[in-house]
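Engineer: Chains as they are written, first to last, in our numbering: chain Z, 93 to 455; chain S, 534 to 838.
Watch out, some of these pointers could steer you wrong.
Among chain Z residues calculated to face chain S with C-beta under 8 Å, some are [what the hints assert, rightly or not]:
hint: 1; residue: 99
hint: 2; residue: 233
hint: 3; residue: 244
hint: 4; residue: 248
hint: 5; residue: 268
hint: 6; residue: 382
hint: 7; residue: 415
hint: 8; residue: 417
hint: 9; residue: 420
If you anchor each label on the Cβ, the simulated ranges turn out as follows [stated by the list, open to error]:
hint: 10; chain 1: S; residue 1: 694; chain 2: Z; residue 2: 312; range: 51 to 59 Å
hint: 11; chain 1: Z; residue 1: 106; chain 2: S; residue 2: 836; range: 20 to 28 Å
hint: 12; chain 1: S; residue 1: 537; chain 2: Z; residue 2: 329; range: 50 to 58 Å
Note that these hints are calculated values from the structure, not bench results.
Glycine is no exception: its CB is placed at the ideal position from the N, C-alpha and C atoms.
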Amino acid sequence: MQLVLEKRAERSNTIALVSPLVAIGLTIATMIILFAILGKNPLLALHAYFIAPLTDGYSLQEIAVKATPLVMIAIGLSLCYLANAWNIGAEGQFLIGAVAGSWIAVKTQGTDAGAWVLPTMLVLAAAAGALYALIPAICKVKFGASEILTSLMLVYVADLFLDYLVRGPWRDPHGFNFPTTAEFDPVATVPLLIEGGRLHLGSIIALLVVAAAAILLGRTIKGFEIRVVGAAPRAARFGGFNADQLVVLTFAISGALAGLAGIIEVAGPVGHLQPGISPGYGFTAIIVAFLGRLNPLGILIAGLLLALTFIGGEQAQIAMKIPLDVTKVFQGILLFYVLACDSFILYRFRLVFPNRQVARGTH
Amino acid sequence: MELIEAIILAVLAASTPLLIAATGELVTERSGVLNLGVEGMMIVGAACGFAGAWLTGSIFIGALFGIVAGMLMSLVFALMALGLAVNQVATGLALTILGIGLSGLIGAGFVGERIAPAVHLSIPGLTDIPLIGRVLFGEDAFVYFSLALIISVWWFLYRTRPGLILRACGDNHVSAHALGYPVLRIRTFAVMFGGACAGLAGAYLPLAYTPFFIPGMTAGRGWIALALVVFSSWRPGRLVVGAYLFGAVTILQLHAQGWGVGIPSQFMSALPYLATVIVLVLLSRARTGGSTAPAALGTVFVPDR
Numbered sequence: 093m094q095l096v097l098e099k100r101a102e103r104s105n106t107i108a109l110v111s112p113l114v115a116i117g118l119t120i121a122t123m124i125i126l127f128a129i130l131g132k133n134p135l136l137a138l139h140a141y142f143i144a145p146l147t148d149g150y151s152l153q154e155i156a157v158k159a160t161p162l163v164m165i166a167i168g169l170s171l172c173y174l175a176n177a178w179n180i181g182a183e184g185q186f187l188i189g190a191v192a193g194s195w196i197a198v199k200t201q202g203t204d205a206g207a208w209v210l211p212t213m214l215v216l217a218a219a220a221g222a223l224y225a226l227i228p229a230i231c232k233v234k235f236g237a238s239e240i241l242t243s244l245m246l247v248y249v250a251d252l253f254l255d256y257l258v259r260g261p262w263r264d265p266h267g268f269n270f271p272t273t274a275e276f277d278p279v280a281t282v283p284l285l286i287e288g289g290r291l292h293l294g295s296i297i298a299l300l301v302v303a304a305a306a307i308l309l310g311r312t313i314k315g316f317e318i319r320v321v322g323a324a325p326r327a328a329r330f331g332g333f334n335a336d337q338l339v340v341l342t343f344a345i346s347g348a349l350a351g352l353a354g355i356i357e358v359a360g361p362v363g364h365l366q367p368g369i370s371p372g373y374g375f376t377a378i379i380v381a382f383l384g385r386l387n388p389l390g391i392l393i394a395g396l397l398l399a400l401t402f403i404g405g406e407q408a409q410i411a412m413k414i415p416l417d418v419t420k421v422f423q424g425i426l427l428f429y430v431l432a433c434d435s436f437i438l439y440r441f442r443l444v445f446p447n448r449q450v451a452r453g454t455h
Numbered sequence: 534m535e536l537i538e539a540i541i542l543a544v545l546a547a548s549t550p551l552l553i554a555a556t557g558e559l560v561t562e563r564s565g566v567l568n569l570g571v572e573g574m575m576i577v578g579a580a581c582g583f584a585g586a587w588l589t590g591s592i593f594i595g596a597l598f599g600i601v602a603g604m605l606m607s608l609v610f611a612l613m614a615l616g617l618a619v620n621q622v623a624t625g626l627a628l629t630i631l632g633i634g635l636s637g638l639i640g641a642g643f644v645g646e647r648i649a650p651a652v653h654l655s656i657p658g659l660t661d662i663p664l665i666g667r668v669l670f671g672e673d674a675f676v677y678f679s680l681a682l683i684i685s686v687w688w689f690l691y692r693t694r695p696g697l698i699l700r701a702c703g704d705n706h707v708s709a710h711a712l713g714y715p716v717l718r719i720r721t722f723a724v725m726f727g728g729a730c731a732g733l734a735g736a737y738l739p740l741a742y743t744p745f746f747i748p749g750m751t752a753g754r755g756w757i758a759l760a761l762v763v764f765s766s767w768r769p770g771r772l773v774v775g776a777y778l779f780g781a782v783t784i785l786q787l788h789a790q791g792w793g794v795g796i797p798s799q800f801m802s803a804l805p806y807l808a809t810v811i812v813l814v815l816l817s818r819a820r821t822g823g824s825t826a827p828a829a830l831g832t833v834f835v836p837d838r
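Work out the full structure: start from the sequences and follow the hints.
Structural biologist: And the structure:
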């Protein structure tokens with residue numbers, strides 16, 4: 093008797109629907125075990141992680157604030173992954189976008205520059221993110237270099253570049269030698285949606301990005317090409333779609349979105365450029381993209397869920413002294429279960445009895 | 534003279550974790566599996582290796598902890614990518630994300646603790662020879678082991694029948710399956726070997742390179758090891774050259790910072806990563822005639838019985 097994997101005749105839509113829910117359920121079950129191992133009351137810990145942040149207005153806003161970069165980056169990554177282009181350097185594109193946008197903010201600091209500052213920052217950040225993402229894309233289509241490795245290496249480079257700027261030329265002269273720029277002027281800051289709150293304009297931009305991606309994928313030829321190139325490369329070749337061009341395009345879009353997310357984070361919740369502006373948004377967004385099944389609406393929901401784990405993780409640390417790394421473990425386990433459950437959309441397990449099978453002559 | 538010796542020693546020390554991790558990944562990839570989780574397996578190996586050494590006081594047991602930890606991580610990967618036929622790229626990424634979290638959790642209690650680092654070989658007379666003495670006869674056990682490992686792997690892949698079968702699985706899993714070889718079982722072993730090596734490479738960092746554990750101490754070495762496998766064109770000999778070249782870049786930028794060449798330190802620190810990009814581009818470009826990668830690398834295989 094043996095358990096074997098077997099391809100289904102066609103993809104199972106039922107499982108496609110329930111698989112993310114099963115994955116979340118399995119993750120929570122695993123977390124209960126993990127909390128117990130850490131010597132924490134699992135029920136209290138789960139409450140701190142998933143329920144407590146939903147009960148007060150401040151945390152709810154904070155979830156939207158954290159979800160904003162996650163959703164924006166993940167939308168871009170989903171386009172890449174649909175086209176079978178593996179951009180895993182969104183973290184670097186995020187940082188470069190933050191740096192490029194901050195350049196305007198730093199240069200106009202203390203001047204009477206007008207309302208043009210913030211829009212220019214956003215455009216410049218998107219352009220810089222796109223250009224930075226084009227490096228691995230062009231290395232791939234021109235020279236065949238693995239975009240996975242090159243895009244990832246550029247994350248470290250971007251991180252060091254940002255570090256250099258805030259410790260060197262852009263350091264706030266009145267900042268007591270801390271590695272940070274001065275606080276951005278009001279014209280270089282993303283406006284808040286609620287006076288005195290946390291929610292800012294970036295969340296609206298993220299929603300627009302979700303809508304735009306849904307239209308691109310569902311209603312345009314380009315979106316169709318992206319999906320076909322990834323799902324059926326041979327059919328795409330017969331259809332005359334240019335796969336290389338789509339790699340470049342999807343990388344550029346995802347770089348632009350990551351860059352935009354970067355400057356929105358810096359000019360919004362953070363307010364100045366400093367190292368550590370991202371708790372790994374670029375990597376968490378990979379999980380968001382997969383958990384959202386590379387679908388814009390799914391990504392929006394997944395982004396909110398992952399943002400909840402960030403906020404819940406912080407609250408659990410304060411309230412129950414649960415280490416912050418538990419959040420990363422949670423995210424990693426969640427991605428595993430999502431991928432595993434998705435496998436059953438295309439495959440199913442079957443018990444095989446080798447001898448009897450030969451006797452029956454089925455095959 | 535002493536400076537040159539110090540630099541060579543430092544280069545060897547910096548190269549060894551890259552070489553060990555890349556050797557494991559080379560075997561994994563030769564069997565047709567792309568495990569992008571090297572960084573995750575390494576960082577867990579580092580945390581568990583340090584924990585083992587700190588608890589028992591033995592570097593050897595620490596190294597064993599690292600190996601077992603890396604192997605367990607790779608088993609998770611094998612279960613997903615081989616057992617459930619999940620996309621290998623996504624699974625590898627998940628393994629790295631999980632590994633970074635797990636290592637932080639395991640290592641949290643050990644941050645700030647110190648251990649006595651791995652002892653270096655000392656043969657009276659030989660180790661004292663100027664310039665080459667300490668380089669040849671004064672290394673820690675990991676350095677000698679890494680070289681023995683890559684030679685063994687070369688011998689296994691090219692001089693033994695199981696090695697030939699493993700390469701056959703990597704080049705054409707359908708044919709290997711038709712010939713009656715258990716492709717998935719062979720690949721599972723290859724993945725586990727890769728995990729063991731990555732775990733050991735990670736453990737090397739807190740056990741011999743620096744005698745303490747800090748979160749995220751692998752700092753992308755797992756990814757550089759992956760790039761080295763591409764650099765080597767999947768050949769053990771070139772892997773050694775590549776690993777030492779990268780070790781040299783890492784150390785030279787450190788020394789350049791010390792000499793105060795007027796270039797900001799961050800630019801020098803970025804050199805190993807930039808070098809990886811440039812090398813990948815140059816190599817991929819030189820190889821336009823045909824790929825030397827295992828033909829079935831990264832593809833899903835579900836036997837049809």
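Engineer: Identify whether the interface hint at residue 233 of chain Z stands, where standing means a beta carbon of chain S within less than 8 Å of its own.
Structural biologist: violated (11 Å)
Engineer: Could you check if residue 382 of chain Z really has its C-beta closer than 8 Å to a C-beta on chain S?
Structural biologist: Since chain S brings a Cβ to about 6 Å from residue 382 of chain Z, closer than 8 Å, the hint holds.
Engineer: Holds or violated: is there a CB of chain S closer than 8 Å to the CB of residue 99 of chain Z?
Structural biologist: holds (6 Å)
Engineer: Does the Cβ-Cβ separation between residue 694 of chain S and residue 312 of chain Z fall within 51 to 59 Å?
Structural biologist: holds (55 Å)
Engineer: Within 50 to 58 Å or not, the Cβ separation of residue 537 of chain S and residue 329 of chain Z?
Structural biologist: At 55 Å between Cβs, range holds.
Engineer: Against chain S, with CB atoms and a cut of 8 Å, does the hint on residue 420 of chain Z hold up?
Structural biologist: Hint holds; residue 420 of chain Z Cβ to chain S Cβ min 3 Å, cut 8 Å.
Engineer: Please check whether residue 415 of chain Z passes as an interface residue: C-beta within 8 Å of a C-beta belonging to chain S.
Structural biologist: This hint holds: residue 415 of chain Z lies near chain S, its Cβ roughly 5 Å from the closest one there, short of 8 Å.
Engineer: For the hint on residue 248 of chain Z, just tell me whether its beta-carbon gets within less than 8 Å of chain S.
Structural biologist: Holds: closest Cβ of chain S sits about 4 Å from residue 248 of chain Z, inside 8 Å.
Engineer: With a cut-off of 8 Å on the beta carbons, see whether residue 268 of chain Z makes it to chain S.
Structural biologist: violated (21 Å)
Engineer: Given residue 244 of chain Z as an interface hint, is its Cβ closer than 8 Å to any Cβ of chain S?
Structural biologist: holds (5 Å)
Engineer: Go ahead and decide if the range 20 to 28 Å is satisfied by the Cβ distance of residue 106 of chain Z to residue 836 of chain S.
Structural biologist: holds (26 Å)
Engineer: Given residue 417 of chain Z was flagged as interface, is its beta-carbon under 8 Å from a beta-carbon of chain S?
Structural biologist: holds (3 Å)
Of the numbered hints stated above, those contradicted by the structure are hints 2, 5, listed in ascending order.
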